[in-house]
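Line by line, the protein sequences give chains A, B, C and D.
Counted the way this note's numbering counts, the first sequence spans residues 1 to 331.
Counted the way this note's numbering counts, the second sequence spans residues 1 to 331.
Counted the way this note's numbering counts, the third sequence spans residues 1 to 211.
Counted the way this note's numbering counts, the fourth sequence spans residues 1 to 211.
To be clear, the hints were calculated from the coordinates, so they are not data collected in a lab.
Check each hint, because a few of them may be wrong.
Claimed, not checked - Here are some, though not all, of the chain A residues that point toward chain C, as calculated from beta-carbon distances under 7 Å: (1) S26; (2) T28; (3) G74; (4) A79; (5) P80; (6) N111; (7) P139; (8) P140; (9) S194; (10) M200; (11) E219.
The beta carbon of each residue, even a glycine, is placed where N, CA and C say it ideally should be.
Each chain, letter by letter, is given below.
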Amino acid sequence: MKKLLNDPNQAAAELIDGLVDYYNGSVTKAGPGAIALTEIAADKVALLVGGGTGHEPIYHGLIGPGMADGAACGDIFAAPPPNVILDATRAVNKGQGVLFLYGNYAGDVMNFKIAAQLAAAEGIRVETVLIWDDVASAPPSDKESRRGIAGLIPIVKLAGAAAEKATDLEELVSLVTLARDNTRSVGVALSPGSIPATGMPTFELDEDSIGIGMGIHGEQGVGVDKMMTADALADKLVDLILADDLPIGSGDEVLVLINSLGSTTMMECLIVLKRVKAILTEKDIKIYDVLLGPLVTCQEMAGLSISFTKLDETLKPLWDTPCSSLGYTKL
Amino acid sequence: MKKLLNDPNQAAAELIDGLVDYYNGSVTKAGPGAIALTEIAADKVALLVGGGTGHEPIYHGLIGPGMADGAACGDIFAAPPPNVILDATRAVNKGQGVLFLYGNYAGDVMNFKIAAQLAAAEGIRVETVLIWDDVASAPPSDKESRRGIAGLIPIVKLAGAAAEKATDLEELVSLVTLARDNTRSVGVALSPGSIPATGMPTFELDEDSIGIGMGIHGEQGVGVDKMMTADALADKLVDLILADDLPIGSGDEVLVLINSLGSTTMMECLIVLKRVKAILTEKDIKIYDVLLGPLVTCQEMAGLSISFTKLDETLKPLWDTPCSSLGYTKL
Amino acid sequence: MLDRTLSPNEVKEMILSICDKIIASEAKLSEADRKLGDGDHGLGMQRGFTAAKAQVEALDPKSIGEVFSATGMALMASMGGASGAVMGMLYQSGGTALNECEALDAPALSRFLDAARDGVCNLGGAKPGDKTMVDALVGAQEAGQASVDKSLSEAFAAIAAGASDGMEKTKAMIATMGRAKTLGEKSIGHPDPGALSVSIMFNTMNEYVNC
Amino acid sequence: MLDRTLSPNEVKEMILSICDKIIASEAKLSEADRKLGDGDHGLGMQRGFTAAKAQVEALDPKSIGEVFSATGMALMASMGGASGAVMGMLYQSGGTALNECEALDAPALSRFLDAARDGVCNLGGAKPGDKTMVDALVGAQEAGQASVDKSLSEAFAAIAAGASDGMEKTKAMIATMGRAKTLGEKSIGHPDPGALSVSIMFNTMNEYVNC
Ligand SMILES: Nc1ncnc2c1ncn2[C@@H]1O[C@H](COP(=O)(O)OP(=O)(O)O)[C@@H](O)[C@H]1O
Ligand SMILES: Nc1ncnc2c1ncn2[C@@H]1O[C@H](COP(=O)(O)OP(=O)(O)O)[C@@H](O)[C@H]1O
Ligand SMILES: [Mg+2]
Ligand SMILES: [Mg+2]
Ligand SMILES: [Mg+2]
Ligand SMILES: [Mg+2]
Numbered sequence: 001m002k003k004l005l006n007d008p009n010q011a012a013a014e015l016i017d018g019l020v021d022y023y024n025g026s027v028t029k030a031g032p033g034a035i036a037l038t039e040i041a042a043d044k045v046a047l048l049v050g051g052g053t054g055h056e057p058i059y060h061g062l063i064g065p066g067m068a069d070g071a072a073c074g075d076i077f078a079a080p081p082p083n084v085i086l087d088a089t090r091a092v093n094k095g096q097g098v099l100f101l102y103g104n105y106a107g108d109v110m111n112f113k114i115a116a117q118l119a120a121a122e123g124i125r126v127e128t129v130l131i132w133d134d135v136a137s138a139p140p141s142d143k144e145s146r147r148g149i150a151g152l153i154p155i156v157k158l159a160g161a162a163a164e165k166a167t168d169l170e171e172l173v174s175l176v177t178l179a180r181d182n183t184r185s186v187g188v189a190l191s192p193g194s195i196p197a198t199g200m201p202t203f204e205l206d207e208d209s210i211g212i213g214m215g216i217h218g219e220q221g222v223g224v225d226k227m228m229t230a231d232a233l234a235d236k237l238v239d240l241i242l243a244d245d246l247p248i249g250s251g252d253e254v255l256v257l258i259n260s261l262g263s264t265t266m267m268e269c270l271i272v273l274k275r276v277k278a279i280l281t282e283k284d285i286k287i288y289d290v291l292l293g294p295l296v297t298c299q300e301m302a303g304l305s306i307s308f309t310k311l312d313e314t315l316k317p318l319w320d321t322p323c324s325s326l327g328y329t330k331l
Numbered sequence: 001m002k003k004l005l006n007d008p009n010q011a012a013a014e015l016i017d018g019l020v021d022y023y024n025g026s027v028t029k030a031g032p033g034a035i036a037l038t039e040i041a042a043d044k045v046a047l048l049v050g051g052g053t054g055h056e057p058i059y060h061g062l063i064g065p066g067m068a069d070g071a072a073c074g075d076i077f078a079a080p081p082p083n084v085i086l087d088a089t090r091a092v093n094k095g096q097g098v099l100f101l102y103g104n105y106a107g108d109v110m111n112f113k114i115a116a117q118l119a120a121a122e123g124i125r126v127e128t129v130l131i132w133d134d135v136a137s138a139p140p141s142d143k144e145s146r147r148g149i150a151g152l153i154p155i156v157k158l159a160g161a162a163a164e165k166a167t168d169l170e171e172l173v174s175l176v177t178l179a180r181d182n183t184r185s186v187g188v189a190l191s192p193g194s195i196p197a198t199g200m201p202t203f204e205l206d207e208d209s210i211g212i213g214m215g216i217h218g219e220q221g222v223g224v225d226k227m228m229t230a231d232a233l234a235d236k237l238v239d240l241i242l243a244d245d246l247p248i249g250s251g252d253e254v255l256v257l258i259n260s261l262g263s264t265t266m267m268e269c270l271i272v273l274k275r276v277k278a279i280l281t282e283k284d285i286k287i288y289d290v291l292l293g294p295l296v297t298c299q300e301m302a303g304l305s306i307s308f309t310k311l312d313e314t315l316k317p318l319w320d321t322p323c324s325s326l327g328y329t330k331l
Numbered sequence: 001m002l003d004r005t006l007s008p009n010e011v012k013e014m015i016l017s018i019c020d021k022i023i024a025s026e027a028k029l030s031e032a033d034r035k036l037g038d039g040d041h042g043l044g045m046q047r048g049f050t051a052a053k054a055q056v057e058a059l060d061p062k063s064i065g066e067v068f069s070a071t072g073m074a075l076m077a078s079m080g081g082a083s084g085a086v087m088g089m090l091y092q093s094g095g096t097a098l099n100e101c102e103a104l105d106a107p108a109l110s111r112f113l114d115a116a117r118d119g120v121c122n123l124g125g126a127k128p129g130d131k132t133m134v135d136a137l138v139g140a141q142e143a144g145q146a147s148v149d150k151s152l153s154e155a156f157a158a159i160a161a162g163a164s165d166g167m168e169k170t171k172a173m174i175a176t177m178g179r180a181k182t183l184g185e186k187s188i189g190h191p192d193p194g195a196l197s198v199s200i201m202f203n204t205m206n207e208y209v210n211c
Numbered sequence: 001m002l003d004r005t006l007s008p009n010e011v012k013e014m015i016l017s018i019c020d021k022i023i024a025s026e027a028k029l030s031e032a033d034r035k036l037g038d039g040d041h042g043l044g045m046q047r048g049f050t051a052a053k054a055q056v057e058a059l060d061p062k063s064i065g066e067v068f069s070a071t072g073m074a075l076m077a078s079m080g081g082a083s084g085a086v087m088g089m090l091y092q093s094g095g096t097a098l099n100e101c102e103a104l105d106a107p108a109l110s111r112f113l114d115a116a117r118d119g120v121c122n123l124g125g126a127k128p129g130d131k132t133m134v135d136a137l138v139g140a141q142e143a144g145q146a147s148v149d150k151s152l153s154e155a156f157a158a159i160a161a162g163a164s165d166g167m168e169k170t171k172a173m174i175a176t177m178g179r180a181k182t183l184g185e186k187s188i189g190h191p192d193p194g195a196l197s198v199s200i201m202f203n204t205m206n207e208y209v210n211c
């Protein structure tokens, strides 16, 4: 496994510096791992995202107008420490409070929880919405223990638009909760990514096996299956989403996201999209917009996930709001 | 090598259908392999791009407002046939003529040349600008035999903006020629991609060797070197570009593109960008904007390329023009 | 055999020996996390205890709590991840309970462990049996409570054994917390990586005291 | 031994035998392109000759040129890539020269090859020695010119040998055209994939006629 690195243990720190260079002035470092928009409107309700690095462009590539105001970055695959989150919270806070929006992983939950306490002690109002879109990780009855995977892309985009228009933190929480509750995902792993510091694969999988419902670090879900065609896989994944508790049916409108976990090509994502479109068309479900590509990655892991966000009259105008960030831009 | 495909020999046809689904109405199929914007202004000078598939998101992911008007797509790694190019030409032509803009490969040149003759026979005015940004593929004295690699991204974006404002085909040709002449790239291969129909790797390279100046299909360039750090590699690649015949020095402004060839992670691209920024800052060269990611790929090939486009007072306003496409969007 | 108390400076030395031991266990801990999680537990612990080492080396401690709290702060600020929060909280909460304490004896050790357990369980909500580091921590904490009347030397031996036991028990458990949760039955047979770390930490304390 | 001419229907049969042969040579041709190019030459040829087979099978040809031209059009429209253009042009230009021809004899075969060479060289600018399919084509074309006074059977044997020779010579050449150009000296030792295809095509013609 050849990787372009300098000191493998400094990969996270170097990539964050490179990310700030990529933002080219629009984003500023507020501390190690803490980055925020250079200019935030004076009375804005702030949106802070964050999580481990190594999954680029999430989360820290999603800062910009109509997207997040800042991000707290941890080491590779590790939630950010509370002090990093606090630095980022201070940088985005404009007195109207800060929404913490991140994926539901034990490490993130605990570190953000400590940071929220520290922020509250400084008089900063903080609310939290957890992203738990992965239907494979727990049954609908136990939603709070589902993990966040690629669905965070549409959710952060909708949250970014909501943060532009929300007049207070409560309104933002309720809009983002709606976006979160209307989003479902499920993924498949074909082959592992590797941990930059050790070069070790993140999990093992036979040459002809695939992991249905695997998480973005290789956490297992529904189970291991035999390799299959793109169409058969699309059928299986769409079934898993549509069988969940969010009713999506005739006449509904959805956003579709086909997310590559890293090395799965745009070609393969497009072939899967073709089938997903055919299935939805057959069920008279309308595709409002499509997102596709390596947006939530696990290094060079192969595999993809499918996410649907059901749009209603509240979410549609949020989706239509222009936004700009390294990971997602909409004219 | 697990790939999500149905019939491997139909990969190109299926991915083009999926691509049209991804465009979700804004782009229409004008024939097998030929796609074009559904709505093109009545008196627009048209911009047509094209080439083999398998390198997504180029070229066919670059259609949209402020970008290309249409694309002619070949099979995987194969230039499109003349009839496909002709279909696409007819679809984009609004009577003001069509600029063919594509990478300088024998197959593309011959097929587009035949298509240009067929179009001329129908009374459609066609001009051509070839993209030849790869400094490793031939000396500056033999520029016409250089190949086109990742530099085509900034060139197509600038061309798209130029096509919005050009009053005739000549003006478009001269603006696009300027963009082409001001762009230089060089790449490095870490490991091969694979040919979808056979699963065979596109080239071979030792576990500790890298190919400096390799093309996007594995065509060799300057030569094989030992694996090195991200910083050492960035130094080497930047030197190769700055040693070329385009003077870039103190006070100049450049676009920087760090392109992943497929499975090279955003993390690695960012670490390389950090070094490139440091080198340019040291030389007092200003970074006007940065592009980064898997924009010109060769399936799951690992490696990256660096491109610089030197901006002058003609090109800057073109760069600043908003644009939207699947592969690149600018607010 | 130590039947006296430990001074703040001895506790500092003891923590430094834990730092070295954990740093040297990186591969083993990451490998354990590769079985159940994302394979980075050793890297996080190495990062944390490298930071803690620097922090603690610079201390001229006046109280026992000061050493533990400084360790916890360093872990908390440098690691991130689930283990950054729980390991940081373990030492921070435990240390706060010994803020005024100038000599570590068996009752103080037990107070440290009680507070550490409360801090970690309040933070992450894990209970014994969930297959987390809490199992090893509770093993130590219960042994500490049972040892309040013993010598400090005996108390350290007991908490080390309790932590090891707790860690061993995680092998047979189905994970119900954290990344391993989705593995279900497949998590059986492997020790929880965080529990392994806790067991290494308390066994290194015991070696410092009893060797 | 054939010392008569070929009818349009016999030329059709001959082309169909080329189609089968090329389709079966996919792996060999792709492998040759993996050495010097992007590894897809066999795939393109397979695609093209599968399309040509369907097209030509449906023909009820009145002239020799009609068969060749239909072949060229099918290749041109279905293949793409460098070989789609040059192979398509070979049959199209050659076929156009025999539009009025109802019986293929040695002089007509030579006219076919002259026109094919001109078409391909005008399109791509390659000269003999550039290590392309032109080397094999020119080998055949020169043998065809030398055989205008021979029987058709002898002429076919000669052009097959000429194509093989031309292909063999490409092994020693340094590529100056197409993808292999940047390989420089490293291109020595491998035959040009397109030349290999041309040699297979003309040898299959010869087998059809002389076996
Ligand atoms: N809620 C929790 N309470 C206590 N410990 C936990 C909890 N969740 C996870 N852990 C511990 O964290 C360990 C994993 O640490 P590490 O691999 O460093 O973090 P991450 O899971 O973020 O990659 C687990 O083995 C477990 O012992
Ligand atoms: N300018 C040219 N003139 C004639 N033949 C050429 C030219 N360029 C390339 N070729 C032929 O095309 C062959 C490669 O075909 P193929 O692999 O199918 O196309 P591509 O290079 O587009 O992948 C080469 O082996 C060579 O014989
Ligand atoms: Mg982790
Ligand atoms: Mg090709
Ligand atoms: Mg872990
Ligand atoms: Mg080829």
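Each hint tested on the structure:
1. S26: At about 25 Å, which exceeds the 7 Å cut-off, the nearest Cβ of chain C leaves the hint on S26/A violated.
2. T28: 21 Å, violated
3. G74: 4 Å, holds
4. A79: Constraint on A79/A satisfied, holds at 5 Å.
5. P80: 5 Å, holds
6. N111: 5 Å, holds
7. P139: Cβ of P139/A sits 12 Å from chain C, so the hint is violated.
8. P140: For P140/A, the interface hint is violated, since the closest Cβ of chain C sits about 15 Å away, which is over 7 Å.
9. S194: Cβ of S194/A sits 9 Å from chain C, so the hint is violated.
10. M200: 6 Å, holds
11. E219: 5 Å, holds
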